[in-house]
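Undergrad: According to numbering that gives the first Met the number 0, the sequence shown is numbered sequentially starting from 0.
No lab work stands behind these hints, which were simulated from the structure alone. Think of the CB as a built atom: it goes at the ideal place given N, C-alpha and C, for glycine as much as any other residue. Keep in mind that the hints are not guaranteed to be accurate.
[Stated by the list, open to error] Derived CB-CB ranges, DEER-like:
id	residue 1	residue 2	range
1	L25	P249	18 to 26 Å
2	Y51	V283	25 to 33 Å
3	I62	V283	32 to 40 Å
4	V283	L92	32 to 40 Å
5	A66	F154	33 to 41 Å
6	L191	L291	29 to 37 Å
7	E103	P63	57 to 65 Å
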Amino acid sequence: MVSRTDRSRFAEWWWTIDKFLLIALLALVFGGVVLSFAASPSVADRIGAPTYHFVQRQAAFAIPAIAVMIGVSMLSPRQVRKTAFILYGVMLLLTIATLFFGTEIKGSRRWLNLIGMSIQPTEFLKPAFVILIAYMLDEVGSRRFEIPGKPVAAFILVMTLAPVVAQPDLGQAMLLSIVWCSLFFLAGLPWLWTVMLAGLGATGLAGAYVVFPHVAGRINRFLDPAGKDTFQVDTALDAFQAGGWLGVGPGEGTVKQILPDAHTDFVFAVTAEEFGLIVCMGLVAVFAFVVLRSLSHARDEPDGFVRLAASGLAILFGVQACINIAVNLHLMPAKGMTLPFISYGGSSLVAIGLEMGFLLALTRRRPRIDAALRSPVFLTRRENAA
0 MVSRTDRSRF AEWWWTIDKF LLIALLALVF GGVVLSFAAS PSVADRIGAP
50 TYHFVQRQAA FAIPAIAVMI GVSMLSPRQV RKTAFILYGV MLLLTIATLF
100 FGTEIKGSRR WLNLIGMSIQ PTEFLKPAFV ILIAYMLDEV GSRRFEIPGK
150 PVAAFILVMT LAPVVAQPDL GQAMLLSIVW CSLFFLAGLP WLWTVMLAGL
200 GATGLAGAYV VFPHVAGRIN RFLDPAGKDT FQVDTALDAF QAGGWLGVGP
250 GEGTVKQILP DAHTDFVFAV TAEEFGLIVC MGLVAVFAFV VLRSLSHARD
300 EPDGFVRLAA SGLAILFGVQ ACINIAVNLH LMPAKGMTLP FISYGGSSLV
350 AIGLEMGFLL ALTRRRPRID AALRSPVFLT RRENAA
(Lines of atoms letter the chains of each structure in order from A; the text may use other names.)
(Lines give C-alpha, C1' and ligand atoms only; values in the text may rest on other atoms or scores of the structure.)
Protein backbone atom coordinates (compact mmCIF):
# COMPACT_ATOMS: atom_id res chain seq x y z
CA MET A 0 0.00 0.00 0.00
CA VAL A 1 1.34 3.44 -0.93
CA SER A 2 1.37 5.94 1.94
CA ARG A 3 -0.14 9.39 1.45
CA THR A 4 3.00 10.87 2.99
CA ASP A 5 5.12 9.34 0.24
CA ARG A 6 6.22 12.11 -2.18
CA SER A 7 7.72 9.83 -4.84
CA ARG A 8 6.64 10.06 -8.47
CA PHE A 9 4.84 6.72 -8.27
CA ALA A 10 2.99 7.71 -5.11
CA GLU A 11 1.88 10.98 -6.68
CA TRP A 12 0.65 9.03 -9.72
CA TRP A 13 -1.15 6.45 -7.59
CA TRP A 14 -3.11 8.99 -5.54
CA THR A 15 -4.10 11.15 -8.52
CA ILE A 16 -4.95 8.55 -11.18
CA ASP A 17 -8.57 7.58 -11.84
CA LYS A 18 -8.33 3.99 -10.62
CA PHE A 19 -11.75 2.97 -11.94
CA LEU A 20 -10.81 4.16 -15.41
CA LEU A 21 -7.46 2.37 -15.17
CA ILE A 22 -9.12 -0.88 -14.08
CA ALA A 23 -11.61 -0.69 -16.96
CA LEU A 24 -8.81 -0.22 -19.50
CA LEU A 25 -6.75 -3.07 -18.04
CA ALA A 26 -9.86 -5.26 -18.18
CA LEU A 27 -10.15 -4.54 -21.91
CA VAL A 28 -6.48 -5.43 -22.48
CA PHE A 29 -6.79 -8.75 -20.65
CA GLY A 30 -10.17 -9.33 -22.28
CA GLY A 31 -8.51 -9.00 -25.68
CA VAL A 32 -6.00 -11.72 -24.78
CA VAL A 33 -8.77 -14.02 -23.53
CA LEU A 34 -10.95 -13.44 -26.57
CA SER A 35 -8.02 -14.10 -28.90
CA PHE A 36 -8.11 -17.69 -27.62
CA ALA A 37 -11.61 -17.92 -29.11
CA ALA A 38 -11.12 -15.96 -32.32
CA SER A 39 -7.60 -16.61 -33.60
CA PRO A 40 -6.84 -20.40 -33.57
CA SER A 41 -9.10 -21.07 -36.57
CA VAL A 42 -7.38 -18.28 -38.54
CA ALA A 43 -3.93 -19.60 -37.59
CA ASP A 44 -4.88 -23.10 -38.73
CA ARG A 45 -6.12 -21.77 -42.09
CA ILE A 46 -2.81 -20.05 -42.86
CA GLY A 47 -0.68 -22.94 -41.59
CA ALA A 48 0.64 -21.16 -38.48
CA PRO A 49 0.84 -22.73 -35.00
CA THR A 50 -2.59 -22.88 -33.38
CA TYR A 51 -1.85 -20.25 -30.74
CA HIS A 52 0.36 -18.06 -32.91
CA PHE A 53 -1.90 -14.99 -32.72
CA VAL A 54 -2.70 -15.57 -29.04
CA GLN A 55 0.99 -15.53 -28.14
CA ARG A 56 1.60 -12.39 -30.16
CA GLN A 57 -1.46 -10.66 -28.66
CA ALA A 58 -0.19 -11.48 -25.16
CA ALA A 59 3.33 -10.35 -26.08
CA PHE A 60 2.12 -6.98 -27.39
CA ALA A 61 -0.19 -6.53 -24.38
CA ILE A 62 2.87 -6.15 -22.12
CA PRO A 63 4.38 -3.09 -23.91
CA ALA A 64 0.87 -1.69 -24.39
CA ILE A 65 0.28 -1.70 -20.62
CA ALA A 66 3.79 -0.38 -19.96
CA VAL A 67 3.29 2.49 -22.43
CA MET A 68 -0.17 3.28 -21.03
CA ILE A 69 1.05 3.47 -17.43
CA GLY A 70 4.28 5.27 -18.31
CA VAL A 71 2.53 7.94 -20.39
CA SER A 72 -0.18 8.38 -17.74
CA MET A 73 2.52 9.75 -15.40
CA LEU A 74 3.09 12.78 -17.63
CA SER A 75 1.82 16.26 -16.87
CA PRO A 76 -0.51 18.02 -19.35
CA ARG A 77 2.44 20.11 -20.54
CA GLN A 78 4.51 16.96 -21.13
CA VAL A 79 1.56 15.32 -22.89
CA ARG A 80 1.38 18.28 -25.26
CA LYS A 81 5.12 18.26 -26.02
CA THR A 82 5.18 14.48 -26.52
CA ALA A 83 2.18 14.66 -28.85
CA PHE A 84 3.78 17.42 -30.95
CA ILE A 85 6.93 15.35 -31.51
CA LEU A 86 4.93 12.19 -32.11
CA TYR A 87 2.72 13.93 -34.67
CA GLY A 88 5.69 15.15 -36.71
CA VAL A 89 7.42 11.77 -36.72
CA MET A 90 4.30 9.75 -37.49
CA LEU A 91 3.14 12.12 -40.24
CA LEU A 92 6.50 11.63 -41.98
CA LEU A 93 6.26 7.86 -41.55
CA THR A 94 2.68 7.88 -42.87
CA ILE A 95 3.92 9.70 -45.97
CA ALA A 96 6.78 7.19 -46.22
CA THR A 97 4.30 4.30 -46.44
CA LEU A 98 3.20 5.66 -49.83
CA PHE A 99 6.69 5.00 -51.20
CA PHE A 100 8.18 2.24 -49.05
CA GLY A 101 5.15 0.63 -47.41
CA THR A 102 4.08 -2.99 -47.72
CA GLU A 103 1.05 -3.35 -49.98
CA ILE A 104 -1.75 -5.44 -48.43
CA LYS A 105 -5.12 -5.79 -50.20
CA GLY A 106 -4.33 -2.80 -52.41
CA SER A 107 -3.38 -0.42 -49.57
CA ARG A 108 -0.01 0.76 -48.31
CA ARG A 109 -0.52 1.24 -44.57
CA TRP A 110 2.38 -0.70 -43.09
CA LEU A 111 6.05 0.16 -42.80
CA ASN A 112 8.86 -2.26 -41.92
CA LEU A 113 11.29 -0.65 -39.46
CA ILE A 114 14.15 -2.51 -37.77
CA GLY A 115 12.52 -5.85 -38.45
CA MET A 116 9.13 -4.70 -37.12
CA SER A 117 5.97 -3.86 -39.03
CA ILE A 118 4.11 -0.77 -37.78
CA GLN A 119 1.09 1.19 -38.93
CA PRO A 120 2.04 4.85 -38.40
CA THR A 121 -1.56 6.06 -38.72
CA GLU A 122 -2.49 4.34 -35.46
CA PHE A 123 0.07 6.45 -33.56
CA LEU A 124 -0.76 9.57 -35.56
CA LYS A 125 -4.39 9.66 -34.37
CA PRO A 126 -3.92 10.52 -30.64
CA ALA A 127 -1.18 13.05 -31.44
CA PHE A 128 -3.48 14.69 -34.00
CA VAL A 129 -6.28 15.01 -31.42
CA ILE A 130 -4.00 16.68 -28.86
CA LEU A 131 -2.55 19.03 -31.47
CA ILE A 132 -6.01 20.17 -32.60
CA ALA A 133 -7.13 20.59 -28.96
CA TYR A 134 -4.11 22.81 -28.29
CA MET A 135 -4.78 24.97 -31.34
CA LEU A 136 -8.44 25.48 -30.45
CA ASP A 137 -7.60 26.30 -26.83
CA GLU A 138 -4.99 28.84 -27.84
CA VAL A 139 -7.61 30.60 -29.94
CA GLY A 140 -10.17 30.52 -27.15
CA SER A 141 -7.76 31.99 -24.59
CA ARG A 142 -6.23 34.46 -27.08
CA ARG A 143 -2.75 33.81 -25.76
CA PHE A 144 -1.43 34.07 -29.30
CA GLU A 145 -2.72 36.11 -32.20
CA ILE A 146 -2.96 33.20 -34.62
CA PRO A 147 -5.86 32.14 -36.86
CA GLY A 148 -6.42 28.96 -34.90
CA LYS A 149 -9.43 27.55 -36.72
CA PRO A 150 -7.95 27.94 -40.21
CA VAL A 151 -4.69 26.43 -38.92
CA ALA A 152 -6.63 23.52 -37.42
CA ALA A 153 -8.35 23.05 -40.79
CA PHE A 154 -4.97 23.07 -42.53
CA ILE A 155 -3.66 20.45 -40.08
CA LEU A 156 -6.69 18.26 -40.88
CA VAL A 157 -6.04 18.49 -44.63
CA MET A 158 -2.31 17.86 -44.14
CA THR A 159 -3.11 14.77 -42.03
CA LEU A 160 -5.86 13.36 -44.25
CA ALA A 161 -3.90 13.70 -47.51
CA PRO A 162 -1.45 10.79 -46.95
CA VAL A 163 -4.09 8.73 -45.12
CA VAL A 164 -6.50 8.96 -48.06
CA ALA A 165 -3.65 8.30 -50.51
CA GLN A 166 -2.81 4.96 -48.83
CA PRO A 167 -5.91 4.60 -49.14
CA ASP A 168 -7.40 4.22 -45.65
CA LEU A 169 -10.84 5.80 -45.82
CA GLY A 170 -11.92 4.37 -42.47
CA GLN A 171 -9.17 6.16 -40.54
CA ALA A 172 -9.76 9.33 -42.57
CA MET A 173 -13.43 9.28 -41.61
CA LEU A 174 -12.56 8.67 -37.95
CA LEU A 175 -10.12 11.60 -37.86
CA SER A 176 -12.69 13.85 -39.52
CA ILE A 177 -15.38 12.92 -37.01
CA VAL A 178 -13.11 13.68 -34.05
CA TRP A 179 -11.97 16.95 -35.63
CA CYS A 180 -15.58 18.09 -36.12
CA SER A 181 -16.40 17.05 -32.55
CA LEU A 182 -13.58 19.17 -31.15
CA PHE A 183 -14.70 22.15 -33.21
CA PHE A 184 -18.21 21.70 -31.84
CA LEU A 185 -16.96 21.52 -28.24
CA ALA A 186 -14.80 24.61 -28.77
CA GLY A 187 -17.86 26.61 -29.86
CA LEU A 188 -18.68 26.11 -33.51
CA PRO A 189 -20.60 28.90 -35.30
CA TRP A 190 -23.64 27.87 -37.33
CA LEU A 191 -21.95 28.93 -40.55
CA TRP A 192 -19.10 26.50 -39.88
CA THR A 193 -21.63 23.78 -39.05
CA VAL A 194 -23.30 24.14 -42.45
CA MET A 195 -19.94 24.31 -44.22
CA LEU A 196 -18.62 21.18 -42.49
CA ALA A 197 -21.82 19.26 -43.24
CA GLY A 198 -21.48 20.19 -46.90
CA LEU A 199 -17.80 19.22 -46.99
CA GLY A 200 -18.57 15.90 -45.32
CA ALA A 201 -21.27 15.06 -47.87
CA THR A 202 -18.96 16.12 -50.69
CA GLY A 203 -16.16 13.97 -49.30
CA LEU A 204 -18.38 10.88 -49.10
CA ALA A 205 -19.63 11.42 -52.64
CA GLY A 206 -16.07 11.90 -53.87
CA ALA A 207 -14.88 8.72 -52.17
CA TYR A 208 -17.76 6.81 -53.76
CA VAL A 209 -16.77 8.04 -57.23
CA VAL A 210 -12.98 7.87 -56.94
CA PHE A 211 -12.42 4.65 -54.98
CA PRO A 212 -14.01 1.51 -56.49
CA HIS A 213 -13.65 -0.51 -53.28
CA VAL A 214 -15.59 2.16 -51.36
CA ALA A 215 -18.35 2.13 -53.95
CA GLY A 216 -18.42 -1.66 -53.79
CA ARG A 217 -18.80 -1.71 -50.00
CA ILE A 218 -21.56 0.91 -50.04
CA ASN A 219 -23.39 -0.90 -52.84
CA ARG A 220 -23.19 -4.21 -50.98
CA PHE A 221 -24.51 -2.54 -47.86
CA LEU A 222 -27.42 -0.79 -49.57
CA ASP A 223 -28.33 -3.63 -51.92
CA PRO A 224 -26.88 -6.94 -50.70
CA ALA A 225 -28.93 -9.07 -53.10
CA GLY A 226 -26.70 -10.78 -55.66
CA LYS A 227 -23.49 -9.31 -54.23
CA ASP A 228 -20.62 -10.78 -52.20
CA THR A 229 -21.65 -10.25 -48.57
CA PHE A 230 -20.15 -13.48 -47.25
CA GLN A 231 -18.18 -11.97 -44.38
CA VAL A 232 -21.00 -9.81 -43.02
CA ASP A 233 -23.56 -12.60 -43.45
CA THR A 234 -21.27 -15.01 -41.60
CA ALA A 235 -20.87 -12.50 -38.77
CA LEU A 236 -24.65 -12.23 -38.42
CA ASP A 237 -24.86 -16.04 -38.41
CA ALA A 238 -22.41 -16.02 -35.49
CA PHE A 239 -24.71 -13.73 -33.49
CA GLN A 240 -27.68 -15.98 -34.21
CA ALA A 241 -25.77 -19.14 -33.30
CA GLY A 242 -24.56 -17.72 -29.99
CA GLY A 243 -27.88 -16.48 -28.65
CA TRP A 244 -27.88 -15.00 -25.16
CA LEU A 245 -25.36 -17.33 -23.49
CA GLY A 246 -23.19 -18.54 -26.38
CA VAL A 247 -22.21 -22.04 -27.43
CA GLY A 248 -19.25 -22.13 -25.05
CA PRO A 249 -15.51 -21.31 -25.25
CA GLY A 250 -13.89 -23.12 -28.16
CA GLU A 251 -17.19 -24.58 -29.36
CA GLY A 252 -17.96 -22.09 -32.11
CA THR A 253 -18.30 -23.38 -35.66
CA VAL A 254 -19.29 -20.27 -37.61
CA LYS A 255 -15.96 -18.65 -36.71
CA GLN A 256 -14.16 -21.41 -38.63
CA ILE A 257 -15.17 -19.81 -41.93
CA LEU A 258 -15.02 -16.15 -40.89
CA PRO A 259 -11.94 -14.69 -42.72
CA ASP A 260 -11.07 -11.84 -40.30
CA ALA A 261 -12.34 -13.47 -37.12
CA HIS A 262 -9.36 -12.29 -35.03
CA THR A 263 -9.36 -8.65 -36.23
CA ASP A 264 -12.38 -6.91 -37.75
CA PHE A 265 -14.97 -9.48 -36.64
CA VAL A 266 -13.77 -10.51 -33.18
CA PHE A 267 -17.00 -9.09 -31.73
CA ALA A 268 -19.02 -11.60 -33.78
CA VAL A 269 -16.86 -14.47 -32.48
CA THR A 270 -17.43 -13.20 -28.94
CA ALA A 271 -21.19 -13.33 -29.58
CA GLU A 272 -21.05 -16.89 -30.88
CA GLU A 273 -18.99 -18.40 -28.07
CA PHE A 274 -19.87 -16.20 -25.09
CA GLY A 275 -23.29 -14.87 -26.02
CA LEU A 276 -25.00 -11.51 -26.27
CA ILE A 277 -24.79 -10.97 -22.50
CA VAL A 278 -20.98 -10.89 -22.63
CA CYS A 279 -21.15 -8.66 -25.72
CA MET A 280 -23.37 -6.20 -23.85
CA GLY A 281 -20.95 -6.31 -20.93
CA LEU A 282 -18.10 -5.49 -23.30
CA VAL A 283 -20.07 -2.57 -24.73
CA ALA A 284 -20.78 -1.39 -21.17
CA VAL A 285 -17.04 -1.27 -20.41
CA PHE A 286 -16.40 0.81 -23.55
CA ALA A 287 -19.28 3.11 -22.60
CA PHE A 288 -17.94 3.46 -19.05
CA VAL A 289 -14.51 4.52 -20.32
CA VAL A 290 -15.99 7.12 -22.68
CA LEU A 291 -18.59 8.54 -20.29
CA ARG A 292 -16.26 8.71 -17.30
CA SER A 293 -13.62 10.46 -19.40
CA LEU A 294 -16.18 12.97 -20.69
CA SER A 295 -17.34 13.53 -17.12
CA HIS A 296 -13.77 14.42 -16.13
CA ALA A 297 -13.47 16.71 -19.13
CA ARG A 298 -16.74 18.48 -18.30
CA ASP A 299 -15.45 19.48 -14.86
CA GLU A 300 -11.98 20.43 -16.07
CA PRO A 301 -11.23 24.20 -15.84
CA ASP A 302 -8.24 24.08 -18.20
CA GLY A 303 -9.40 24.49 -21.80
CA PHE A 304 -6.65 22.43 -23.41
CA VAL A 305 -7.14 19.50 -21.03
CA ARG A 306 -10.91 19.66 -21.47
CA LEU A 307 -10.71 19.51 -25.26
CA ALA A 308 -7.89 16.97 -25.44
CA ALA A 309 -9.52 14.56 -22.98
CA SER A 310 -12.85 14.87 -24.78
CA GLY A 311 -11.22 14.28 -28.16
CA LEU A 312 -9.35 11.17 -27.00
CA ALA A 313 -12.52 9.75 -25.43
CA ILE A 314 -14.47 10.41 -28.64
CA LEU A 315 -11.70 8.84 -30.75
CA PHE A 316 -11.76 5.71 -28.57
CA GLY A 317 -15.56 5.48 -28.49
CA VAL A 318 -16.23 6.16 -32.17
CA GLN A 319 -13.65 3.57 -33.24
CA ALA A 320 -15.35 0.97 -31.04
CA CYS A 321 -18.79 1.97 -32.37
CA ILE A 322 -17.67 1.64 -36.01
CA ASN A 323 -16.27 -1.85 -35.45
CA ILE A 324 -19.38 -3.05 -33.60
CA ALA A 325 -21.70 -1.46 -36.19
CA VAL A 326 -19.88 -3.26 -39.02
CA ASN A 327 -20.21 -6.58 -37.15
CA LEU A 328 -23.96 -5.98 -36.83
CA HIS A 329 -24.25 -4.88 -40.48
CA LEU A 330 -25.37 -1.38 -39.44
CA MET A 331 -22.83 0.28 -41.72
CA PRO A 332 -20.51 -0.71 -44.60
CA ALA A 333 -17.31 -2.59 -43.76
CA LYS A 334 -14.48 -0.24 -42.72
CA GLY A 335 -11.57 -2.45 -41.64
CA MET A 336 -11.57 -0.82 -38.19
CA THR A 337 -10.23 -2.72 -35.18
CA LEU A 338 -12.03 -3.00 -31.84
CA PRO A 339 -9.77 -1.16 -29.34
CA PHE A 340 -7.69 -3.53 -27.16
CA ILE A 341 -9.75 -6.53 -28.36
CA SER A 342 -8.86 -7.05 -32.02
CA TYR A 343 -5.50 -8.59 -32.88
CA GLY A 344 -2.80 -6.17 -33.99
CA GLY A 345 0.50 -5.12 -32.44
CA SER A 346 0.54 -1.53 -33.75
CA SER A 347 -3.10 -1.04 -32.82
CA LEU A 348 -2.66 -2.43 -29.31
CA VAL A 349 0.42 -0.34 -28.43
CA ALA A 350 -1.02 2.79 -30.11
CA ILE A 351 -4.28 2.54 -28.17
CA GLY A 352 -2.22 1.99 -25.01
CA LEU A 353 -0.46 5.28 -25.81
CA GLU A 354 -3.79 6.97 -26.54
CA MET A 355 -5.29 5.84 -23.24
CA GLY A 356 -2.09 6.77 -21.42
CA PHE A 357 -2.58 10.33 -22.66
CA LEU A 358 -6.19 10.19 -21.50
CA LEU A 359 -5.28 8.90 -18.03
CA ALA A 360 -2.64 11.62 -17.70
CA LEU A 361 -5.13 14.34 -18.61
CA THR A 362 -7.84 13.06 -16.23
CA ARG A 363 -5.57 12.86 -13.19
CA ARG A 364 -6.29 15.18 -10.26
CA ARG A 365 -3.74 17.97 -10.24
CA PRO A 366 -2.64 20.04 -7.22
CA ARG A 367 -3.40 23.69 -6.54
CA ILE A 368 -0.84 25.42 -4.35
CA ASP A 369 -2.51 26.65 -1.19
CA ALA A 370 -1.42 30.23 -0.53
CA ALA A 371 -1.40 29.83 3.25
CA LEU A 372 0.21 26.44 3.63
CA ARG A 373 2.35 26.59 0.46
CA SER A 374 1.64 22.92 -0.11
CA PRO A 375 -0.18 21.10 -2.89
CA VAL A 376 -3.85 20.46 -2.25
CA PHE A 377 -5.49 17.90 -4.50
CA LEU A 378 -9.00 18.85 -5.54
CA THR A 379 -11.80 16.99 -7.15
CA ARG A 380 -12.88 18.13 -10.62
CA ARG A 381 -15.95 19.96 -9.25
CA GLU A 382 -13.97 21.74 -6.51
CA ASN A 383 -11.33 22.74 -9.06
CA ALA A 384 -13.97 24.04 -11.45
CA ALA A 385 -15.57 26.09 -8.70
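Undergrad: Hint by hint, say whether it matches the structure.
TA: Okay, the hints, checked on the actual structure:
1. The hinted window of 18 to 26 Å between L25 and P249 holds, with their beta carbons roughly 21 Å apart.
2. For the hinted restraint 25 to 33 Å between Y51 and V283, the CB-CB distance of approximately 27 Å keeps it satisfied.
3. Under the hint 32 to 40 Å, the C-beta atoms of I62 and V283, about 26 Å apart, miss the expected range.
4. Distance hint for V283 and L92: a CB-CB separation of about 36 Å, consistent with the stated range 32 to 40 Å.
5. The hinted window of 33 to 41 Å between A66 and F154 holds, with their beta carbons roughly 35 Å apart.
6. For the pair L191 and L291, the supplied restraint of 29 to 37 Å holds, since their beta-carbon distance comes to about 31 Å.
7. For the hinted restraint 57 to 65 Å between E103 and P63, the CB-CB distance of approximately 27 Å leaves it violated.
When each numbered hint is compared with the structure, violations occur for hints 3, 7.
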